[in-house]
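Sequence order for the protein chains is P, H and Y. If you count by the working numbering, then the first sequence holds residues 1 to 331, one letter each, in order. If you count by the working numbering, then the second sequence holds residues 1001 to 1603, one letter each, in order. If you count by the working numbering, then the third sequence holds residues 2001 to 2528, one letter each, in order.
It is worth saying that the hints were derived from the structure and are not from the lab. Since we're looking at a predicted model, the values are computed, not measured.
Cut-off 30 angstroms, straight-line C-alpha distance, at most; resulting in silico cross-link-like pairs (DSSO-like, lysine-lysine): (1) H/Lys1316 <-> H/Lys1388; (2) Y/Lys2215 <-> Y/Lys2187; (3) P/Lys95 <-> H/Lys1388; (4) H/Lys1388 <-> P/Lys84; (5) H/Lys1400 <-> H/Lys1245; (6) H/Lys1316 <-> H/Lys1245.
Computed Cβ-Cβ distance ranges for the label pairs, DEER-style: (7) H/Ala1012 <-> Y/Glu2521: 33 to 39 angstroms; (8) H/Gly1023 <-> Y/Thr2100: 36 to 42 angstroms; (9) Y/Leu2332 <-> H/Gln1047: 58 to 64 angstroms; (10) P/Gly311 <-> Y/Glu2106: 52 to 58 angstroms.
Sample of chain H residues at the chain P side, in silico, Cβ under 8 angstroms: (11) Met1001; (12) Glu1072; (13) Ala1087; (14) Gly1091; (15) Asn1387; (16) Arg1545; (17) Glu1572; (18) Leu1575.
We treat Cβ as the ideally placed atom computed from N, Cα and C, and that holds for glycine.
Single-letter residue listing:
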Amino acid sequence: MTQPETTETANTVSLTIDGSPVEVRPDATLLEACRQMGTEVPTLCYLETLTPVNVCRICVVEVERNRTLVPACSRIAEEGMVVKTDSERVRHSRKMILEFLGSSVDLSAAEDEVGEWMEQYQADPARYGPQSEPTAAGERGRRHPGHHGEVNGRTAEGVHQPTKVDNTLYVRDYSRCILCYKCVEACGIDAQGTYAIAVAGRGFDARISTEMDLPLGDGACVFCGNCIGVCPTGALMFRSEWELRRAELWDPDAQSVTRTVCSYCGVGCNLELHTQDNRIVKVTSPQDHDVTSGHLCIKGRFGYDYVQNLGDVDRSSIDEVLAAARRPAPE
Amino acid sequence: MDLRFTDAQPTAAEREAVESVIGPARVDSHQRVRTASNLRIFAKGMQSVADRRHLLLPALEAVQSEIGWVSEGALMHICRELSVPPAEAWGVATFYSLISVDPSPPVVLHVCDDIVCRRVGALELMEGLEANGQTPNTRWLPSPCLGQCDRAPAAYIQRAGEDDQVLVSIDPRTRPIGPDGSVVAANGQQESPAAPQAGQAHLRILRRVGTVNPRSLDSYLAAGGYRALEEAVEMGPAAVVAEVKASNLRGRGGAAFPAWIKWEAVANSPEPVRYLICNADESEPGTFKDRVLMEDDPFSVIEAMTISGYAIGARKGYLYIRGEYPLATRRLRSAIHQARDAGLLGESTRNGVSFDIDLRRGQGAYICGEETALMNSIEGLRGEPRNKPPFPTVSGLFGKPTVINNVETLCNVLDIVADGGSNFASVGTPQSTGPKLFCLSGSVRRPGTYEVEFGATLGDLIELAGGLPEGRRLRAILLGGAAGSFVLPDLLEMPLTFEAASEAGVSLGSGVIMAFDQHTDFGDILARIAAFFRDETCGQCVPCRVGTVRVEEALARIRRDPQPGDLELIEEIDLAMRDASICGLGHTAAIALRSALELGLLE
Amino acid sequence: MDDAEVVILWGSNARAAHPIFFHRIIRAVRRGATLFCVDPRRSESSEWADLWLGIDVGSDIALSNAVAREILANGLENREFIERATLHFGEYAQSVEEWTLERGEEVTGVPAAAIRSLAHTYAKADRAQLCWTLGITEHHNATDNVLALINLALLCGHVGRYGSGLVPLRGQNNVQGGGDMGAIPNKFPGFQDVESDEIRGRFEAAWKASVPPRKGLHLTQMFEAMEEGHLRGLYVIGENPAESEADVNRARGLLEGLDFIVAQDIFLTRTAQMADVVFPAAADWCEAEGTVTSSERRVQRVRPALRPPGEARTDSHIICSLATAMGHDWGLPAAEEVWDEMRSLSPMHGGMSYRRLEENGGLQWPCYDEDHPGELFLHSRLWADPPGGPLAPFTPVEWVPPVDRLTEDYPVRLTTGRHLDSYNTGVQSGSLKSPIRIGGTIDISPEDCSEWGVSEGEEVRVTSRRGSITVPARVDESLRPGLVFMSLHFPEEVDINQLTIEAWDPKSGTAEFKATAVRVEKMPAPVG
Ligand SMILES: Cc1cc2nc3c(=O)[nH]c(=O)nc-3n(C[C@H](O)[C@H](O)[C@H](O)COP(=O)(O)O)c2cc1C
Ligand code: SF4
Ligand code: SF4
Ligand code: SF4
Ligand code: FES
Ligand code: FES
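The shape of chain P in the complex, shown without the other chains:
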């Protein structure tokens, strides 16, 4: 009686990936099929714990008898499919997507793989010309759909803009946002159910926004930080990390990650404490942990300060910076 009864339906689906046959369970995606056989497929907007939105298109593969490429992350495997994951067309599209992102977004804090793919696919974002000037604070948030300014082609238009620092816990640097929708899903339908943020605007002006572009604290946000937990580009960042980066003290090599259990309520959420110089600098939760699926609440995510906001006891080099993070606005 410890497991639900599973109803056996159709057993498996067979398909061919890069010339090799593979059998997968009936509702498996092509991505799962590829992973099952150890074939790497890059992904940006996909996460096991979220509903696939298939918008970044970096995962596209070629499927015989399909006019266009298909997103591996959401396409369900079908009997007899013949899939190519590394054809000329696939490589071209991936390269272009990386160039499109690289030429419009600041990817310097993105997950490490992004840089590796850039090399692997020989993406050259610079060929679209120099970056356009960053927009003024709030400007992108007010753009009206269906209209845009003069285009002269001398620069490659990007989404660069000042970081939104409107609270003590985390910052939103939408210069780094690739619009992968992960934060929206984590905040809304797939985990937190708070719906504090959504995609607003249209086209190149589409952006992640609160209602009326309000500061986070004035909207529905409950500061669970689940959006930070899924953001692949560093657009959403702990205030502590952001302050340390600004002070050039952020040092991943000097950091360690310790898995422990949250000290607050009795649910038993697992935490990964990222520490540097005997200070917690950010908190994540393991995505594969079945209590949290990577999600936490404000207490688990941000409620650690009491063990290190110690006044003069053991003052360490980064305490000044962390103290700055406790102030509402940056200096």
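Place chains H and Y with the ligands on chain P using the hints.
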């Protein structure tokens, strides 16, 4: 859901506008109405939240059209009433270019500066407006194609609290509206166009245009209206589907997909709840044929939808019409009411058919013509296309099996039912059956909607439209719309059939035939097309969101100072957009541009 | 939980108090589960419910009895399960007989139709979960409240099956673990009875020491013992009774009268300030090795990420050093050694080696040996044929109104709870710079606010039979007239426990936090 709203409250007028479409306030809304019982028990499941979401766009539209813009108070009121998270409602409101979330004057003029209009005075018109400045009562904005290319230049006027209006054949040397927002007399107020061929005996699909009174059900009935529905009921649903199959009717909305395949799939679906959608979003630049049908023969659209709904077993149909078509909207609304009153539409009609129609207005988003974006738009989500599969026939509107067809496609069903599918199939060619509407515009003497049998050549149609004006030579034709491609006069002999077009590597698209003469500044036209796609992409997928911008930038460079590699770059971008984008917009966004460059039109 | 058809959150605002657990409820609701919330307030959780039942504070037993009566009256009980796996059904059925829907409505304030709907939906579901928290247990009759809910689950057979069960949500990360490990007055680790000679013998043999053969005192009894003068010294580890006790004025007085207090804490709490000796402790969850047990009985490892500050040491280090100083050289055993000794004595933890806890991301007890996977649900034995172990007894429980009666002088019911970003007495969450903090307020319904002429932010006087405080008012739409709410988190700003009542549940020792009678008064306008 434990939603959070700001404290902003609506004005009485805003409240009333919202109530007019979603009904009176309900105790189970997030208004937290405090009745004695509400303080003790409160029943509201996720289902009742989901059931109201589709009212979001109509509510926003109601406020926009009554007040002229959607304030924070109005937005919060709608959110509380419909239990929509404010951030999501904001995301929806800011998706549509006809909805303003900033304070706006009561009159807003959307001046078309798209391909056709910009060549016949729209630019001058805008210069004049610019020189006059914006006034406290009016504002103007440039707009993409308004579907009035046969009467360019055109403008669409949003009027707070009053009926919207369209101005056509505007004299560019005048001010079309005065500082108070009133229309200056010299300018063409829109009337029904009546196609140039109106009244000709051989017409099938246009036969009632200009001959019946579009405001009168009796007039429609007198012209043989609703006989097809009677026939359909006699035949039974399966036979109707069989006739459509025999007719080999292919979609007129752009993709030329056989209608019967969708109908059959939905008719045979195990799922009892099904929907029919009539796609009347008609926003492809250069396209205006559906407008002619809707304005001048609205009852046939309603009857055709009823037959289709009956055949596929749908009890509910949605007619999604672009917001910039106020006249067609009024006529269709009136037609729907008249049909209901006459027992020809609704829960149980005289024919025993149970089918009703909900008319939804788009709010300025070309992408909402894409079938799945349109469904999301109806559902109260952002008009972002869905990845396919699953196809709408399996999981369409509200996740139910759905047939979506273009207005013209559906209107053909009347004759198919009345005359039989095989009769229909005997017209045209085996693969392109029946009559077809084409939208002729640009450098032709008599722009307008023309009906021909499939098989007529490109040259025949230019001829029908009177050929080019004095002294003009045909330089190129944009075939199929902004999502189509440019062709040279050497294709004038090409029959306009799906198969011939496909062989020539082009597409008939939505039936656009836009003629350009030797004086055309193709650089300017291409820049407008590139800007169009960049403005109209929904923005969800990377190849299209960024690709359309990079194409526009590359084109700007080419126009200024072509460098080796520029063309190749556009090709590379196009390839990725075609291969990796989610929907047809991305797939086709660079095609016209590339064709023009390859044909040397820029040289 | 994800696959439950019906979920009842009873006296639990999990949305705020157990947010990650609530994610699972959201998931279940998305998949079509019906959610009921029983809560005096229309809380954040209630906003997600298909039906919220706004009961009167302290009428939980009345409601559950009425639900049971309705189930029985319609023959919706699970006869088969009752017959094979339970005891005392007849007695129980008898006891709820008088609880007609009408009576239920009269006592709970919830319309009969809503009680009926909950009863029918719960009874008819294939898989139903019944969850509760402090709303249920912080009452003078806490144990009875829980028993009343267990009765309901037994009645419908909603225990010990996939997707069906009883889910007590613990308020603190290791309350469960504290109990498991014998940090309760009458048990050894693994809930083994102190007063059993056989069990005590095993522990004495292992510890090579004798253990007093009688159970100790629980917290409330300790304060009574202080009052009577039997208890003269206190060693307080990680507790803050000078702030967290109900009727805190009395508690502080008694603590002050003690001869000697040792406090061991990571903070210099109010209790620590009163202590004669303070041992600065390390924060167990991030500065020490060890285990904690979550509400679902999952034992998980915690690990040190930080070195403790200054002279702080881990709790086990302090205790062992203390033992050494007292003449028993315990050395400084590693946490794993202590754990291994414990599991050699507690059968239900027997299989939980550190290695296995690591590999499995925690294990749920009982886990008897190293091949045992741990149990996903308790009580699945009740479904075995024949049911393994003792049958599950129904326990008739009688509804008793809250001790602190509403009268003309104290006409308003004050209840307590938590806000999302705060926690208990706030010593931990206090330094979290939360952008959404609602400070210490008294939350009042809009109707009462206008009746009393009180507006948002205005200081009001709140008076109970025990004390009186002033506190800013906050208009709260989740409340109905006659019901006010305060959170527990801000003892420095608002000393709510001055108001609460010291009546306690004789069975579990929990005090009544949830139902205080008060009056709220507008402050006199300043003169001049
Ligand atoms: C960007 C885009 C815009 C579209 N706009 C329209 C439109 O305005 N009207 C229309 O009928 N079809 C439009 N379509 C085609 C529809 O997606 C769909 O194919 C059509 O409604 C199906 O009807 P049919 O088979 O009768 O042509 C558009 C497609 C795309 C990709
Ligand atoms: S912190 Fe939580 S509530 Fe706030 S935006 Fe992120 S996911 Fe949403
Ligand atoms: S903020 Fe991060 S998670 Fe959100 S859309 Fe942008 S890149 Fe994705
Ligand atoms: S191709 Fe363009 S319009 Fe279509 S989904 Fe992608 S971004 Fe949106
Ligand atoms: S990972 Fe598949 S589309 Fe983004
Ligand atoms: S209406 Fe202006 S281009 Fe079509």
